[in-house]
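As a plain string of letters, each chain reads:
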Amino acid sequence: MAAGAASGGSATTDTYKEARNWLLLPSWLVLGIFVLMPVLMMLVYSFLTKEFRGGVIWEFSTDAYDQFFFDRGLFGDEPPKIEWTYITIFWRSIWQAGAATLLSLLIGFPTAYFIATRPEKTRAIWVFLITIPYWVNLLIRTVSMKFMLRDNGPVNDFLLGIGIINDPITIVNTNFAVQLGLFYSYLPFMVLPIYASVERYNFNLSEAAADLYASKMTTLRRILLPAVKPGVVAGCILVFVPSLGSFLAPDLLGGAKNFMIGSLIEEQFKGNAGNWPFGAAASMVLLSMVLIILMIFARQQAKAGKEAS
Amino acid sequence: MARAKYDIKSFPGFFPITVLCLIILYAPLLVVTIYSLNDSNSITNWEGVSLRWYADVFTGPESAKFKVAAWNSFTIAIIAATVATSIATLAATAMVRGGKFRLRTVSFGLISLPLMVPEIVLAVATLIFFNSIGFTRGYMTILVAHIAFCIPFAYLPISARMQGIEDSFEQAAQDLYATKRQAFTKILLPLMAPGIVSGFLLAFIVSLDDFIITNFVKGAGVETLPTAIFGSVKQGIKPNIMAISTMLLGLSIVLVTLSYLISKSDNTK
Amino acid sequence: MKQELTNAIDVQNAVKRYGDFTALKKISLSIKDNEFFTLLGPSGCGKTTLLRMIAGFEDVTEGDILLYGEPIADLPPNKRPINTVFQNYALFPHMTILENVAFGVEMRGASKSDAQTRAGKMLELVQLSQFSARKPSQLSGGQQQRVALARALAPQPKLLLLDEPLSALDLKLRKAMQIELKHLQRETGITFIFVTHDQEEALTMSDRIAVMSAGELQQLGEARDIYERPRNMFVADFIGETNLLEVSVDAIADGRATCHLGGGHELTCNAVDGIGVGAKVHMSLRPERLFISDRPTDAEGLKGTVRENIFVGTDISTIVDLAEGLDFIVRTSNSDRGNRRIFEPGNEVFVNMEHGAARLLVD
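Residue numbers (this note's numbering), protein chains in the order written: chain A, -8 to 300; chain B, 466 to 734; chain C, 147 to 509.
Simulated from the structure, these hints should not be mistaken for lab results.
From the three backbone atoms N, C-alpha and C, an ideal C-beta is built for every residue, glycine too.
Treat the hints with care, as some may be off.
Pulled a few chain C residues facing chain B out of the computed Cβ check, cut under 7 angstroms [as the list claims (entries may be wrong)]:
no., residue
1, Phe203
2, Pro223
3, Asn229
4, Thr230
5, Phe232
6, His240
7, Gly250
8, Met253
9, Arg254
10, Gly367
Sample of chain A residues with no beta-carbon within 12 angstroms of chain B, all distances over it, derived [unchecked claim]:
no., residue
11, Gly64
12, Gly67
13, Tyr77
14, Ala90
15, Leu93
16, Thr210
17, Val223
A few chain B residues facing chain A, derived, Cβ under 7 angstroms [as the list claims (entries may be wrong)]:
no., residue
18, Val484
19, Cys486
20, Leu578
21, Ile593
22, Ile670
23, Leu723
24, Tyr725
From just these sequences and the hints, can you work out the full model?
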């Protein structure tokens, strides 16, 4: 076997190639049994028949997907119409996640850019400051957000205090509160990849553009943005994808009217009222959406990588 | 101020936005911390500084619940992070020092799977899995699920660290009559220590913080701190929740800072 | 092939392939006991691959490697009594200097205290005893390089491999280390195999040199031999500066070959095995073995015009446009002793050669 990489250059080396299967075995076992198998089991469950006390009957059925997409009337004997209830929930989730992503981009891009153009020594500290909140418990952060936004909370106090508003405004239990919550949950994910690509950007290119009479804004739009686009796309994906399936922000900040996919899925497994196959099917739809987005993204990144080299 | 110099890199407004960004990130945490010190019974009125709600966490009516939850959270986090870090260290060695092999991409996909699958989906899948094999939900199911999803968090800093260590050190060791096993234990492991510690701390935090998956696989009666907090919050935010949250967020910040400082200490130069 | 047991290393028909790429194409060479041997060639020529095969870091696709007559190709690096000084030194950053130097001795089975005693002696040899408690990062590049040397020599290997160990040092330090290495080799009596792409370094230090290119051995011989009698175009061009002329061989008699240039000008030089009458080959003329005058010193003087003089410190290089349509470099020592005239650009001159300066090359 001459699989060895030529000396130097390559990122991987083959010092322990004889042992590699043994070294990988524990991770294959744990992740294979407790992550991959469960996902496959979920796929199986989505094609089973529901049992009314929660759980499933082992009989093949496409009822779960049928219920998700089609409305056959109360007794299931009417000609199928499109069922809008769940599609609407998915659509709302996409919309909420999209709004949160846009919000993160508006704040995250200038922040990432600013940090990346700091002197090298201070950059690490800025990045660290941005990442700390991510490591604080998401539940605690969401609860804090709720505390901030409630009718007589600090945000309303502040707005009343400076006289922008005369009466407290209701933010909690609105779509906007959910968007703010998602934005707050995943903002660091937007900043980090953009930061990484701006940091790699060669500012000589901007200088060359300026030398050739481009204004600052033109330079930003025509030279810098195309160069850092992969980072921007990565940031958007990293905010959008977890927002799509999030549970805590809509549950704690949104209230019943602002139901998102996460809550829909969660409800199917709570107590005896749930519908496991339907929950599994909704999860499969969500997972498929996410995997498609990630696949398109991976292909684009690979293409961008090829162009860059 | 000196005359504005033409600087191709700077855009007006970016600095204020950065400050705004930091305010948004930190203000809620700061506010919760401040209100956890409130002497009042209600969360709305400020009645001076006191530590009574911290005392309440340990001695109040809900203290027994919190103690059990904290015990569960910490033991699970320590065991899960230890096991996940060991597994991740071995896997990283194979991935970074195992040459090119056909299953490399598949293995990497498997390792990063918990990061790609939405958390709620992973939670549902794990619940279904335990249910289908007839496992009773409880402490063990939480622990196993935590070990699995902590692996990528431990793996990333460890493999990054290993990629930064040239293999010439291990080659030199072998050249000086060390076996591969000795080269691993005497040279590679000590050099990787910062990466391993930082991987462990991240896995520990992730386990300690997890709510969604735990909530699905915990079964009746077993609570961790996040699920206990969530249960309380559902009935409204109470001051003792602020206190317990502040302690948890303080712990997270300390651990992350530690992880950051350790990973920055470069013992390969 | 005759095989002497006194050879330190015999490489026999060694081939190294990575998939479709052949890094070494059937290399055979023998290195004598107690020799300072250099593998010289441009990057990617296979010299480092060959060194790593001897050390045990690359397996041998085909062929064999013998160490004092014993086949070692199937032994892992830790079973070979061969040590390496790595290009970047690879000093263990988490160990002290003393621990670094003691490592190999300890791994060979010595007790910790014996190993450290031996390491202490080695550090004395390289004059670094006062640094033994420090970490590698606290030492300068030159000091690190000496620690690496001490570490590799401490287990008393039968063979020391040096992989471009001086490339990270600045010019002055490099020159000093070249001399120190040569001394160390004589003192210890250990066979050294040195890899470098720097031909000057190779010429300075080596007993014998193997010039490699594209995975093949181009020429093997003593330093002087390789410089003065390059076998082919690659060696002549890679080692030192040279002028190359295309010539046709007209006649060979008494060990001398008569050749002519494209324009018909006639030159004679020593005949070379493998180049017969009628061959169209290249002739190498070292610039320092040529001289310029205003009239030809013999019939072989080449007529030309001075284009420019380039001052290079110890010498002056004169570029001459030959009547044959070629440009030629002639090197004159920057010293009055030579009693040679420097001609100005535009001067009509003759380029003359010392006896034996011309050398025919196999392509």
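Item to check | Interface hint compliance - Phe203(C) to chain B, C-beta minimum distance less than 7 angstroms | outcome: holds (6 angstroms)
Checklist entry - Just checking, Leu93(A) versus chain B, shortest CB gap more than 12 angstroms? => result Per Cβ check, Leu93(A) is outside 12 angstroms of chain B; nearest 15 angstroms; holds.
Next on the checklist: Just want to verify: Gly64(A) was marked as not at the interface with chain B; is every Cβ pair farther apart than 12 angstroms?
Outcome noted: Non-interface label stands for Gly64(A): nearest chain B Cβ at 28 angstroms, farther than 12 angstroms.
Checklist entry - Is the interface hint for Met253(C) satisfied, with its Cβ closer than 7 angstroms to some Cβ of chain B? => result The hint holds - Met253(C) has a Cβ within 7 angstroms of chain B, the shortest such distance being about 4 angstroms.
Checklist entry - Does the nearest C-beta of chain A fall within a distance shorter than 7 angstroms of the C-beta of Ile593(B)? => result This interface hint holds because 5 angstroms falls under the 7 angstroms limit.
Checklist entry - Should the label of Tyr77(A) as a non-interface residue stand, given a Cβ cut-off of 12 angstroms to chain B? => result holds (15 angstroms)
Next on the checklist: Does Val223(A) clear chain B by more than 12 angstroms, comparing its Cβ with all Cβ atoms of that chain?
Outcome noted: holds (15 angstroms)
Item to check | Proposed interface contact between Asn229(C) and chain B, which counts if any beta carbon pair is under 7 angstroms | outcome: holds (6 angstroms)
Checklist entry - Should the hint that Thr230(C) touches chain B count as held when the rule is a Cβ pair under 7 angstroms? => result With a minimum Cβ separation of about 5 angstroms from chain B (threshold 7 angstroms), the hint on Thr230(C) holds.
Item to check | Given hint Arg254(C) near chain B, where the shortest CB pair must fall under 7 angstroms | outcome: holds (5 angstroms)
Checklist entry - Should the interface hint for Gly367(C) be scored as holding, given a Cβ-Cβ cut-off of 7 angstroms against chain B? => result violated (29 angstroms)
Checklist entry - Do the numbers back the hint for Phe232(C), that is, is its least Cβ distance to chain B under 7 angstroms? => result holds (5 angstroms)
Hints 10, 16, 18, 23, counting from the list given before, are not met by this structure.
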